[in-house]
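Q: Next come the chains, spelled out residue by residue.
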Amino acid sequence: MNPLPIDPKNLPLVNGDPFQGNLAQILLMVILLGAVAYLLLQHGLIKSKMMAWAGAGLFAFAALMAFTSIPMQLDSLVRMCFSILAVAGGIAFITTREPVHAALGFATAVLSSCGVMFMQSAYFIAAATMIVYAGATIIIFLFVLMFAQKAQLQWYDVQLTNPVIATVVATSLLMAIAWSVSESEEILPVKLDLTRPYSLAEPGPSPGMVMPPVPEASMTQDQLNAFVPAKTSGLGRSMFTDYLLAIELAGTVLLVATLGAIVLAQKPERDLS
Amino acid sequence: MSHSEVQNLLLLGGILFAIGLIGFLTRRSLILMFLSLETMLSGVSLNLIVFSKFHQNYQGQILAVMVLTISACEAAIALAMVVSLYRRKATLDVQAWDDLSETILPKSTAGDYQDLEHEEHYPKLSPAGLDPLDRPVPSSMQASLDQDQKTSPIVSEVNQRA
Chain F
1 MNPLPIDPKN
11 LPLVNGDPFQ
21 GNLAQILLMV
31 ILLGAVAYLL
41 LQHGLIKSKM
51 MAWAGAGLFA
61 FAALMAFTSI
71 PMQLDSLVRM
81 CFSILAVAGG
91 IAFITTREPV
101 HAALGFATAV
111 LSSCGVMFMQ
121 SAYFIAAATM
131 IVYAGATIII
141 FLFVLMFAQK
151 AQLQWYDVQL
161 TNPVIATVVA
171 TSLLMAIAWS
181 VSESEEILPV
191 KLDLTRPYSL
201 AEPGPSPGMV
211 MPPVPEASMT
221 QDQLNAFVPA
231 KTSGLGRSMF
241 TDYLLAIELA
251 GTVLLVATLG
261 AIVLAQKPER
271 DLS
Chain C
1001 MSHSEVQNLL
1011 LLGGILFAIG
1021 LIGFLTRRSL
1031 ILMFLSLETM
1041 LSGVSLNLIV
1051 FSKFHQNYQG
1061 QILAVMVLTI
1071 SACEAAIALA
1081 MVVSLYRRKA
1091 TLDVQAWDDL
1101 SETILPKSTA
1111 GDYQDLEHEE
1121 HYPKLSPAGL
1131 DPLDRPVPSS
1141 MQASLDQDQK
1151 TSPIVSEVNQ
1161 RA
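From first to last, the protein sequence lines stand for chains F and C. Under the working numbering, the first residue of the first sequence carries the number 1, and numbering increases by one thereafter. Under the working numbering, the first residue of the second sequence carries the number 1001, and numbering increases by one thereafter.
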């Protein structure tokens, strides 16, 4: 059901500026170098702290170069800061040996990507991700680690399984992503699509409540821009009208998972006699 | 929202996914593998949110809510499983559970599996019947070779038939 009286073939254009892809070669080189450095690190070929600091300095230099190449606007600067923090946290997550340090790197990466989500005006998801990951997960992780871990480093934290295969797989995947993203003319211009094809809700007056306005074909571009999703209330309205069944199913899955976690974490009866 | 911004953020999501993939394939601690999974899911939901902003509708954000829900469920179940597995074998190493996999596959790192420090807890059967050390067998049930003593009626009947 399409409640909107707009012809889907005649939608207003939102973003039509052309895009030139020029990042591909540099990006592929950076990804390849990062993979080689990770392998060298895992095989113990980078031993001295001097080389690690040199790598960190190289990373900082690349970050500085990235800063100079982006347009000097505040939001791009903040976005770049969050992105660099996220990548640095992820690198710390896979390179450190101590599980607590790895957990801190994970928290850095997730919190920074939450900052990026905030800047994409996904406020609810950013807050929920912060609560779920950085709050609950990290705290439970540290709790589990406290009772599970001995004081010294465990041997299974030091010896990894198949770093070569993992690096090859992940690097080829990331290079494919980078190549396809940096391809020019690959990201098409976008039209404002306000159709709701799966909606069960009918817009219109309802007894006892005032329904929010819906976009119409006769509106100007400025009036249509008011419907661009930038509010959490709009997300809530979309959740509980267009995707009501899916949201209810998600709540059911959460309930089942809670029950399963309670059953699994119970202490088994040791003495039956 | 310019195209270069979309490009940068898609790349960031891809990098997070690749880091999580490397971590999941290489780490051996159960908890760190689980955190790698969460990193991958974070990259995916970032991707969805960027496309939601780019296309200017809520469908991507709804999908990200779904991803978040499933990852919260997975976090609860995985941590409960880690707790119960640790209770069983007293190690967080995932290769301690290699015998659950197919036996025809060669082990990735053979020989570095150490013996368990704790003893395993097997289920105990509840005792059946009477323990002769605890309770004396009633005299009517006792068998004896001595003819002079008072024998049980079954034994005396057998003796009479013989």
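Because the hints were derived from the structure by calculation, they are not lab data. Hints are not guaranteed to be accurate.
[Said to hold, decoys possible] In silico BS3-like pairs for lysine-lysine, Cα to Cα no more than 27 Å straight-line:
id	chain 1	residue 1	chain 2	residue 2
1	F	267	C	1089
2	C	1089	F	49
3	C	1089	C	1124
[Unchecked claim] Pairwise CB distance ranges (calculated):
id	chain 1	residue 1	chain 2	residue 2	range
4	F	162	C	1100	12 to 20 Å
5	C	1087	F	162	24 to 32 Å
6	C	1002	F	61	36 to 44 Å
7	F	98	C	1129	30 to 38 Å
8	F	173	C	1087	34 to 42 Å
9	F	159	C	1134	46 to 54 Å
We put the beta carbon where it would ideally sit given N, CA and C, even for glycine.
Q: Give a verdict on every hint.
A: We went through each hint and held it up to the structure:
Between the alpha carbons of residue 267(F) and residue 1089(C) the distance comes to roughly 14 Å, so the proposed pair stays at or under 27 Å and holds. Straight-line distance between C-alpha atoms of residue 1089(C) and residue 49(F) comes to about 36 Å, which puts the hinted pair past the 27 Å bound. Taking the CA atoms of residue 1089(C) and residue 1124(C), the gap is about 18 Å. The hint holds against a cut of 27 Å. The hint said 12 to 20 Å for the Cβ distance between residue 162(F) and residue 1100(C), and at roughly 18 Å that hint holds.
A hinted range of 24 to 32 Å for the beta carbons of residue 1087(C) and residue 162(F) is consistent with their spacing of about 28 Å. Taken as a hint, the range 36 to 44 Å is violated for the pair residue 1002(C) and residue 61(F), whose Cβ atoms sit roughly 26 Å apart. Restraint check, residue 98(F) to residue 1129(C): a C-beta distance of roughly 55 Å breaks the suggested window 30 to 38 Å. Taking the beta carbon of each, residue 173(F) and residue 1087(C) are about 36 Å apart, inside 34 to 42 Å as hinted.
Taking 46 to 54 Å as the suggested C-beta distance range, the pair residue 159(F) and residue 1134(C) conforms, at roughly 51 Å.
Checked against the numbered hints given earlier, this structure breaks hints 2, 6 and 7; the rest are met.
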